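The listed protein sequences derive, respectively, from chains A and B.
Numbering follows this note's numbering, in which position 130 of the first sequence is assigned residue number 130; successive positions increment by one, without gaps.
Numbering follows this note's numbering, in which position 188 of the second sequence is assigned residue number 847; successive positions increment by one, without gaps.
Some hints here could point you the wrong way.
Stated by the list, open to error - Here are the computed lysine-lysine pairs in the DSS-like style, where the Cα-Cα straight-line distance is at most 25 Å:
1) Lys-391(A) <-> Lys-688(B)
2) Lys-549(A) <-> Lys-863(B)
3) Lys-338(A) <-> Lys-688(B)
4) Lys-808(B) <-> Lys-307(A)
Stated by the list, open to error - Incomplete in silico selection of chain B near chain A, CB under 7 Å:
5) Arg-692
6) Lys-708
7) Tyr-733
8) Gly-795
9) Leu-796
10) Phe-849
11) Phe-859
Since the hints were derived computationally from the structure, they do not count as laboratory data.
This structure is a prediction, so every number in the text was calculated from the model and none was measured.
Where is the CB? At the ideal position from N, CA and C, for every residue including glycine.
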Amino acid sequence: MNKNAQSIKPEMHDIGKLIDSFLFKHNFEDYPGKLSGVPEIKQNPVWEGIIQHHCTERDKEYPKSFSTFVLSIADSVASATSRHVEARGKPPRYNVYKLWRPPAKCVNDLSEAIGVNARSPKWVSNIVNFVNKNPSVEEFFKIFGKFLKIRAEDATPGSNITSLWTHSKLTALIYNFLLGYLEKVSDEWFKIAAKEDIKDYIRKIQKNTNIKIVRIKINFPQNPVRVRDLNVFDVLKEIKSEILEKYPNNVLFIGFDEMLMITPINENFEEIRKIVARYGFWVEFTERIQNLDQPYPDPEKPIRQIKRLQRIQQKEFERQMAKIPPNKRRLAEEGVRKAVFEKGKLAKEINRIKAEYFEEVKRGVCGKSSIYAELPEKIDPPICELCQMKKASERWEDVESGITELLCTDCFNIRKRGAKFPKLDDWEKEGADRVLWIKIHLDMNELINVLEELYAEYLRELGIGEPEKRAEIRFSVLSEFDWDYREFLEKFKRNIIEKFGGDNVQEILEEFISVRIDSLRDIRTMLGIFNTVFTEVFPKFKEKYSPIKLGIVCAGVKHPFLECWRILSNLRTEVKVAVIGKGEINLNISQLDEFLEINVRNKALLHKFTSLSEISHRLAEVTLYDREDRDYRRYKSLREAVKKFGFQNVLTYAKIMGD
Amino acid sequence: MQKLWVIDMEYFHYELHSETLCIGERIKKGTFRPTIETIPYTQISGALKAYFGRQEVHAVGSIVEYESKDYFTYSPRNRITNVSKIPITTEYLINVRGNVYILKNKETEDFPDEIEIKLGAMRTKGFGYTILRKKGLVEVRNGQLDFGKLNTRIPIEHLDKFLIKPVKPQYGYLIKPLSLSKAVYVLSLFEGSEVYAPGFLIEKRW
């Protein structure tokens, strides 16, 4: 028998949750119950995992081997909640309540939720026969995937926030990690040990086993200027794949340039250092040592909390300043600043969290650092023009302009990879007028913040006490989110290609694309596409705030890319549109619907408005309110828009629409 | 965890004003020179050393705000052949307000309350005229260091002069003149590095 056939295949441990628990327990310990005409269980490793993956008072069965013992722990680490969430007297909710896109209704019947009769002997036979043949994991997801995606991992109202699909995958990842990490105990012991002893041992391991939760950020020092320098993004993709290959059981979440990992406490990231060093990249990491019974995906929780409080402080500061007459603001600013940022209640709370955080740093519970390849203390000129981190030893001659650039070997090799994004090359040769650089950024800290708020809101609706305290976001919710985030990126790209045509769209990375446009008005179309897809996939974020940010830079095809990248790599508002040479738009995503409805169809009017702004912004603003101006009435929609979105946003929008 | 620095230091605080400032990075693509948005140790210390003709001057700076960015395009001319090279577009900051901190020592303690210097690139084109006005003396006492993101660039060899202790460093290289015609790039800590340092070197928000 091969090794794969002997594995308990942790992905399948909860397959029993696809059967109505009215018939028998999901660990099949009381199978077939009152059901007749169903096949017998033919023991194999998969059945072992299914039957023995619990060790509780309620269950008769318990882990009887090291594998099922590890599975039992992995199952608990991968669960959506810490099982302290209980909504008394409420029926189970079998469909997943996605915090960012709740279902229209909660389904209390499993059969209705998954669309098959989950009590029928036929369905039960299907599942038992399937497991009896010791199937592969691929077969499992192929046949049952669609049901797993619908069915909540835990149907308890309030706990139904992740799918069985996510739970199955995450349990397998954590199982594989723990299998290599936990101290091996002989199977013989499990056979002779009493259930209570095993239960105690599980509790002890969960309480005493330390793991490291690490967030890494991959950085490249290169400043891409030529189209070929965009190959750094190709390298970034390769680096992420290589890390995944080296750490197959550790990576919990992958973003544009970030990764969330679970590692042994002695992990020193030497493999990562070797991988990134080959390309001259470097890595920042933040880590926190945790117990297995506190699996929170956030190594920087105190810093996240401080940032959130500072944002509230800033709003309070702006609110207080707005109350002061404009001519007195300058004098009052210092006092208000002190009152809010140094003496207020929030300032004290921030200081308390800071003190706690420093204490943790002192104790070595959390830490952060950077990993670089090689850093000589001195470099004799010339230094590489792109990364400025190594001695330039290569010459890059541009045939067309005759310009010579001095590069280091790493940057030279990245440029030498050839045109990885051929459409960009073509557009440049064809003399395209303008391109849009579009980047989607996911802020992990903001994601956890907003998910916590939405989760607390859901628990409050269910009447669960102390919702803020109980609304903990664990790995599984992030993994669940990841599926929808990928779907969102895919849909966004697909809609862009539909609108602009495949020849005019170049994907650089999943979250980063370039589009050739004919008119600045296409920026409005792009915002419209984003708004539609975002509303469809993440409607709840619009009610709060968005961890997903959109950056669009519109520039001439020959404009130095590093300028565009500088804007895109530091998005401070949820929606940022920078039109080089024209202006910027900075909005919250919740403002997009109304913003896109600004009625500015009259081109001549827009042209007059933008021409005035070229003489003076103030003059253009005053003209909008000048009752003597012959266009005063026709400026009504612009005046209203300025009130809502500010002059700069509306002016840039007018320039776009007047093109 | 290593012990924090336990030294007392004093720095003169100057407020910086400049109408047009370009602290240029290296030229990109042969045609574009971006500006950075901080004041590195090497720039401000170099300018002060040149102005006062003294050696032991150690200063760092940061930019608090600027009105906008603009671009200046010019074509350097080869004086021998009298032929213009490819035009270079230089980015610069307009109406810059910032802070400069100078380590107090025997060579700097008599620095005047107002200093007019030329800072950064394109000084021959009229850029970089800068006024520094003394605001006071800042004392950093034992263990009084803040944690946060560094707001300046400083060579590793001078970290001790500003009590900077890196936690999550972001490295880069700054140029250090060795003589009138020779220079070397030295390993430096860049803005955005997470450090323990005196409060004035830390960005206000986490």
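**Message:** So, as I understand it, the hint says Arg-692(B) touches chain A; can you test that by seeing if any CB pair is closer than 7 Å?
**Reply:** 10 Å, violated
**Request:** May I ask you to test the interface hint for Leu-796(B) with respect to chain A, counting a Cβ-Cβ separation under 7 Å as satisfied?
**Result:** 20 Å, violated
**Message:** Just to be careful: measuring from the Cβ of Tyr-733(B) to every Cβ in chain A, is the smallest value less than 7 Å?
**Reply:** It is violated, given that the least Cβ distance between Tyr-733(B) and chain A is near 16 Å, above 7 Å.
**Request:** Would you check whether Lys-708(B) satisfies its interface hint, that is, whether its CB is within less than 7 Å of any CB in chain A?
**Result:** 20 Å, violated
**Request:** Please verify that hint: Gly-795(B), Cβ, nearest Cβ of chain A, below 7 Å or not.
**Result:** 15 Å, violated
**Asked** Given Phe-849(B) as an interface hint, is the shortest Cβ-Cβ distance to chain A below 7 Å?
**Response** Check failed: Cβ of Phe-849(B) comes no nearer than 10 Å to chain A, outside 7 Å.
**Asked** Regarding the pair Lys-549(A) and Lys-863(B), is the alpha-carbon distance no greater than 25 Å?
**Response** 23 Å, holds
**Prompt:** Was the hint right that Phe-859(B) lines chain A, CB cutoff 7 Å?
**Reply:** 16 Å, violated
**Request:** Mind checking the alpha carbons of Lys-391(A) and Lys-688(B) for me, to see if they're no more than 25 Å apart?
**Result:** 17 Å, holds
**Request:** Given the hint that Lys-338(A) pairs with Lys-688(B), test it: the Cα-Cα distance must not exceed 25 Å.
**Result:** Violated, at roughly 46 Å.
**Asked** Given the hinted pair Lys-808(B) and Lys-307(A), is their alpha-carbon gap at most 25 Å?
**Response** 13 Å, holds
Hint compliance for this structure: hints 3, 5, 6, 7, 8, 9, 10 and 11 are broken, all remaining hints hold.
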